[in-house]
Amino acid sequence: MSVTVRLPSQLRTLVGGAGEVVVEATTVREAIAAVEALHPGLAARVLDDAGELRRFVNVFVADEDVRFLDGLNTILTAGAVVSLVPAVAGG
Amino acid sequence: MSFAVGLRCRECGTTYPAEARYSCDMCFGPLEVAYDLDAAKGVVTRERIASGPSSIWRYADLLPDHGGEPVDLGAGWTPLRRADRLAAEIGVKELWLKDDTRNPTGSFKDRVVSCALSSARRLGFTTAACASTGNLATSVAAHAAALGWPSVTVIPADLEKSKVAMTAIFGGTVLAVDGNYDDVNRLCAELVDSHPDWAFANVNLRAYYAEGSKTLAFEIAEQLGWRFPAQVLAPIASGSQLTKIAKGFREFLELGLVEGDLPIMFGAQAAGCSPVATALADGTNVIRPVKPNTIARSLAIGNPADGPYAIDEMRLSGGDCGSVSDQEVLDSIAQLARTEGVFAETAGGVVIASLKQLVERGTLDRNKPIVAIISGHGLKTLDAIVDTAVPTAVISPKLADAEAALARHHQLEAAL
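Here the protein sequences come in this chain order: A and B.
1 is the number of the first residue of the first sequence in our numbering; add one for each residue after it.
92 is the number of the first residue of the second sequence in our numbering; add one for each residue after it.
In short, the hints are calculated from the structure, not lab data.
Predicted model only: the values in this text are computed from it and were never measured.
Positions of the beta carbon are idealized from the N, C-alpha and C atoms, including for glycine.
Treat the hints with care, since some could be wrong.
[Stated by the list, open to error] According to the in silico footprint, chain B covers these stretches of chain A (three or more CB under 8 angstroms from chain B):
{"no.": "1", "region": "7-20"}
{"no.": "2", "region": "56-63"}
{"no.": "3", "region": "78-87"}
[Unchecked claim] Quick partial rundown of chain B residues pointing at chain A, CB under 8 angstroms, derived from the structure:
{"no.": "4", "residue": "Ser114"}
{"no.": "5", "residue": "Met117"}
{"no.": "6", "residue": "Pro121"}
{"no.": "7", "residue": "Asp284"}
{"no.": "8", "residue": "Arg379"}
{"no.": "9", "residue": "Pro380"}
{"no.": "10", "residue": "Asn394"}
{"no.": "11", "residue": "Pro399"}
All chains, please: the whole structure from these sequences, using the hints.
In structure tokens, the structure reads:
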């Protein structure tokens with residue numbers, strides 16, 4: 001099914017400047033792999049050597065942090081929006 | 092003159108020029124301002140610092156370049172006060188309070204905002220912004236007002252009334268978000284993409300902003316007579332302040348300004364939002380985010396970006412982190428006020444309650460000097476105490492009434 005992956009500015013050069021990429025996927029892991037297949041280089045920036053999410057990358061599905069859901073295995077429904085957002089400090 | 096030479100990724104070491112950039116292009120790791128400490132050695136002396144202004148800018152050599160004139164309401168150079176009466180009640184030998192309630196807008200955030208907006212002006216920005224749990228928003232709005240800049244501050248809608256008012260009064264745009272700080276933070280990470288011409292103090296200016304917290308370490312060491320305290324206890328929200336305090340001590344050591352052992356770093360969190368304390372206790376530095384539920388709103392960050400670094404600082408120095416209940420926070424605010432005449436916001440209550448917990452646990456040594464950071468003024472969190480801090484008696488303006496009320500109060504006190 002089609003899902004939308006939203007990218008932060010740092011990753012947009014990898015996909016030709018677009019802020020969003022629409023791909024076919026049923027999990028977050030598949031969505032990242034699908035963007036990687038279209039635009040090689042993205043996965044290495046978001047995932048570590050073990051294939052897990054990097055420490056300073058947050059992923060949101062339907063406005064929920066996937067670390068509260070099923071991580072990279074979080075199931076996506078049709079039309080889901082997956083946002084990749086760098087962690088930022090504050091307070 | 093600043094000895095800053097650019098930005099460097101804490102994770103992978105990639106370097107960048109001193110521009111507005113909030114994370115590493117390669118790995119999303121946080122960027123830090125890098126300094127040429129070799130060049131600073133011998134130039135930055137105790138005398139040079141001591142002859143500087145009574146603000147954080149006495150340490151301008153070791154802060155980001157302010158471009159000629161800092162954006163400055165007078166942040167920093169706050170009192171370091173010996174707290175013997177509180178120390179006696181808690182049972183510790185030598186306790187000092189770094190009283191950062193005494194900043195221009197009542198919290199340590201003035202240090203980081205002065206740094207961030209000075210860099211922002213140097214880089215050509217003309218609008219100030221931030222994601223905030225309250226104190227940062229107030230400070231950004233105030234400094235922007237003093238500059239004549241518009242500001243856009245983004246806060247959770249359910250903040251303490253006093254913090255909202257203290258921010259809105261400066262006349263900027265205040266966006267109150269229906270959500271918690273982590274939602275606000277995420278929104279701002281996206282807003283910075285659609286408004287790249289806004290200087291978000293803790294997003295695209297974050298590297299410069301964070302450096303301001305080093306001045307807590309610099310001042311503590313200088314005020315102790317160019318010595319390090321044995322132990323330092325700081326509140327933890329994002330983890331940035333504690334991490335930068337430790338960095339500040341290291342820079343002073345490296346420059347030969349202070350000799351001796353670096354302080355052991357201790358942290359303080361509220362039990363209703365203690366992802367850092369939990370990860371430290373579990374022996375990991377992978378933080379599991381939480382949904383905050385505590386009266387200590389200024390520390391209510393469930394997904395703390397600099398948490399892993401704060402954990403490293405505590406673990407490697409032999410420190411620990413407290414996790415205290417809201418009731419303990421309220422009791423500690425009152426105890427600090429009653430014994431030392433210092434009125435702290437809830438974050439200060441978290442620190443004093445953690446001090447007691449960690450001394451009890453034996454990880455904080457009661458026989459060695461301790462410096463506790465009191466990061467914000469109590470007027471900011473009046474909501475928390477307004478129901479318990481009330482008049483002893485309400486009386487008519489008659490002497491007999493006053494005497495009767497005093498006698499009743501005296502009897503009550505005697506019975507306790």
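We went through each hint and held it up to the structure:
Restraint check on the region 7-20 of chain A versus chain B: 4 residues with Cβ-Cβ distances below 8 angstroms, three needed, restraint holds. Coverage of the region 56-63 of chain A by chain B holds [criterion: at least 3 residues with CB-CB distance below 8 angstroms; count 5]. Chain B is given as covering the region 78-87 of chain A, and this holds because 4 residues of the stretch bring a CB closer than 8 angstroms to a CB of that chain, at least three being needed. For the restraint placing B:Ser114 at the interface with chain A, the shortest Cβ-Cβ distance is roughly 4 angstroms, inside the 8 angstroms limit, so the hint holds.
With a least beta-carbon distance of about 7 angstroms to chain A, the hint placing B:Met117 at the interface is held under the 8 angstroms criterion. A least Cβ separation of about 7 angstroms between B:Pro121 and chain A falls short of the 8 angstroms threshold, and the interface hint therefore holds. About 5 angstroms separates the beta-carbon of B:Asp284 from the nearest beta-carbon of chain A, less than 8 angstroms, and the hint is met. Because the beta carbon of B:Arg379 sits about 7 angstroms from the nearest beta carbon in chain A, less than 8 angstroms, this interface hint is met.
The interface hint given for B:Pro380 is met, as the beta carbon of that residue sits about 5 angstroms from the closest beta carbon of chain A, less than 8 angstroms. With its C-beta approaching chain A no nearer than about 7 angstroms, B:Asn394 sits inside the 8 angstroms limit, and its interface hint holds. With a least beta-carbon distance of about 6 angstroms to chain A, the hint placing B:Pro399 at the interface is held under the 8 angstroms criterion.
The earlier numbered hints are all upheld by this structure, with none contradicted.
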